[in-house]
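J.: Please construct the entire structure, taking both the sequences and the accompanying hints into account.
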Amino acid sequence: MIRLIGGEMPGWHEDRPPAGGALYGYLTDQLPAGASVLVAGPHDHALIETLAARTAVTCLVRSQPEAERLDARGLDVLCGTLTKLTEAGRWDAVVALDGLGRLCSVEGPQYDWAESLRSLRNALLPGGVLLLTVENELGVHRLVDPAAATAARTDDAWRPLGEFDDSKPGNPARLAGRLAAEDLALGWLGAAWPEPGSPTLIATPEALRDGPADALAAVAASAVATAYRNRSVLSDPRRLAAAAVRGGIGPELAAAWLVIAHRAPLPATPLRAAPVLLGDGPVLEIGPGPDGEWVRRVRREVPGRDHAPAGPLPPGRLLEELLLGACLRHDLPAIRGLLTGWMAALPDASPDNVVVAGETFAELDPSVPARADVLSGLATTLLTGGYAHPWPAATDLRTLTAILHGAAGLPGDVPAIPPGDDPPAPDSRREHEEQLRSLRRLLADADARAEQYELEIAKRDTELTKARVQIATFSGSFGYRMAKLGYGVARKARQRLRKRT
Amino acid sequence: MHHANHFYGHAHVLAEYCGLDPEHPPRIEGYVQHGWNVVDGLGIGTPYLPGRPIFVWSEQTRRRAWSMGRRQATVIGAPFLYLLRFAPPAPEPAARAGTIWYPFHGWESQQVKGSHRRLIDEIMATEAGPVTFCLYWNEYRDDRLRAVYEKAGRVICHGYRGYQWQDTDIRFLHHQLSELRAHQRVASNRLSSAIFYGVAAGCEPAVYGDPMHLEREDRATAERIRRQWPELHGERPAPAAARRSALAELGDGYLASPAELRAMLGWTLDRTVPEPGAVPA
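Chains as they are written, first to last, in this note's numbering: chain A, 13 to 513; chain B, 34 to 314.
Computed beta-carbon distance windows for the label pairs: (1) B:M101 / A:G398: 19 to 27 Å; (2) B:V72 / A:R452: 22 to 30 Å; (3) A:R480 / B:S142: 28 to 36 Å.
The set of hints was computed from the structure by calculation and includes no laboratory data.
Beta carbons are placed, not taken as given, at the ideal position from N, Cα and C, and that holds for glycine.
T.: Here's what the structure looks like:
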């Protein structure tokens with residue numbers, strides 16, 4: 013059933029996809045059965061329907077066509093703008109995983125972040141739970157975006173505030189503060205990657221602080237890599253995400269924060285989630301096991317989809333990062349050690365799926381398909397990324413791959429492996445700049461060499477001409493040389509005779 | 034690329050290490066550092082072609098070369114260390130005795146100035162055992178000078194360095210290795226390649242005596258060398274520290290495998306098919 017509450021947008025379709033994905037689905041499944049739930053803002057239908065199968069769901073959307081679609085699926089719908097939502101203390105839970113940015117329509121007052129939060133808080137019963145996503149305006153997705161949020165020209169960007177909404181918190185601590193100010197007790201907070209709309213990795217600040225930072229950084233890089241395949245970016249988000257996690261500012265630079273908060277009073281068993289949630293279909297939890305070692309637990313399987321197995325999370329640092337670091341330091345012994353260990357242990361695994369702890373090489377996600385040309389892939393990363401490395405004169409892929417092959421201690425020259433499709437990497441503007449710079453340098457070097465070759469040829473030409481004269485003087489058949497000698501003698505004799513006369 | 038790649042048979046040693054014909058090394062796609070120096074690894078006056086690698090001995094030299102604008106400096110380690118990888122082992126038991134002494138030498142464009150007689154007196158007063166004087170070809174060919182040294186001890190020369198790919202003694206380093214292995218100590222009046230090679234071949238190093246000087250020499254460089262490597266200077270430097278420092282200068286630990294080296298030098302099999310009348314270097 014649809015109830016039009018005012019401010020609805022007839023004929024309006026949201027520009028961007030709704031919030032959804034495996035992890036959001038998994039989190040909403042944690043809501044107690046039988047609770048009354050308000051799903052505020054655009055959410056994936058699969059998520060809503062799964063929730064509606066076990067609890068009473070009301071949807072709040074501003075788009076009238078969307079409201080009609082939800083109604084057609086038998087859902088209870090409120091259609092209109094958030095400012096018209098006046099029902100106070102009605103729901104046990106409010107799900108706002110799309111954030112607070114798509115709740116007000118064009119009609120009527122335009123709530124900022126804090127006002128929107130207050131409005132949703134008011135809709136909760138005392139002790140009710142709020143599932144809220146807060147986009148980080150300084151998140152990795154924003155930092156690598158070639159377009160500024162404040163320059164958006166899409167139909168839904170009638171007020172593109174971006175980072176200029178001063179009521180929006182800028183880090184997890186301030187978010188907790190804003191929630192507390194609204195009488196909402198923070199029960200759980202997770203930092204989410206790669207994007208607010210459908211994260212595939214959510215980790216608590218405590219897990220990022222106390223857990224295996226290097227392995228979690230590798231997991232973050234991997235989550236970002238999948239989302240940014242072939243996408244145009246300013247700089248490589250994989251490095252940014254991993255460096256932030258390793259550097260202890262993972263939560264501060266995550267794409268979003270996900271909170272579970274309760275309206276006072278806090279229930280006896282507040283809703284909480286795992287330290288780390290991972291998955292884009294199958295869902296895994298990562299957390300400390302009984303003996304302190306961090307382990308993966310499979311929480312949801314999807315038929316036909318592979319996933320990393322349950323068991324210990326392999327510790328250590330991502331091989332690709334170790335190799336890049338050793339290359340930047342020009343530490344040839346370390347590079348050769350890593351390459352040799354890698355080729356001995358996991359010669360078909362891409363370096364962004366291998367973690368190294370001491371002498372142990374382990375696949376981060378063994379379900380990732382094997383590749384035959386991993387060394388060529390590493391050479392591509394070094395060249396296109398513009399990374400300094402110990403073989404700067406090897407500017408073509410074939411030569412650098414051959415060098416890496418030798419440095420890995422593999423026998424013979426590079427076997428003729430047909431290069432596979434390069435793993436789709438982010439298409440980074442910074443790398444474009446580097447490639448342009450590199451090509452300019454190669455061209456300038458080639459020009460300078462051509463000039464020196466010209467000089468060298470001129471010098472050799474002079475020598476050649478001289479040598480030809482000498483050769484002509486001392487070559488030819490015996491008769492020819494005798495005749496030439498005789499002619500020379502006769503000429504000298506004639507000159508002498510002339511002088512006497 | 035440049036005829037200095039053939040000096041002392043460096044290209045030949047590298048070819049043998051790579052499993053190629055040591056008498057006819059293929060053309061190297063770059064410049065091999067032909068002696069220890071405290072600049073960018075290139076010899077004085079080498080006409081450098083931009084974009085081509087300078088194959089330097091040590092990471093420290095690479096950093097220095099980078100700071101001098103040489104972006105393609107590539108560390109391979111000294112060819113002498115590659116020779117040690119494949120040369121037959123030293124005869125057992127080790128029969129080392131005395132000191133092999135390398136007086137500071139000149140070359141085609143610069144001759145050494147100073148008193149050789151005074152240097153010899155200083156050497157003979159310092160060394161306890163027999164002394165072999167190893168003269169550079171430049172001094173060895175000077176009959177008068179050679180005679181001065183011959184009065185004090187055995188005089189040898191490892192061979193001719195080579196010039197424009199002509200008359201190179203391609204077993205220069207082999208001769209040097211076997212002589213070094215026959216001596217307890219290696220010494221010179223200047224820190225130089227020979228001292229580093231001596232250390233790598235198991236000798237105890239010493240750098241002492243009148244350093245003399247080259248015509249038109251920049252003496253500040255010599256003083257800088259003494260300040261930077263004090264552990265290698267003196268009549269009896271502490272062997273452990275001297276060895277560590279000397280091996281670092283030769284690029285010990287940085288040597289490439291034959292396959293890696295071939296790829297670096299442009300010697301992959303598809304590129305080294307001999308062409309008739311191929312140009313060396």
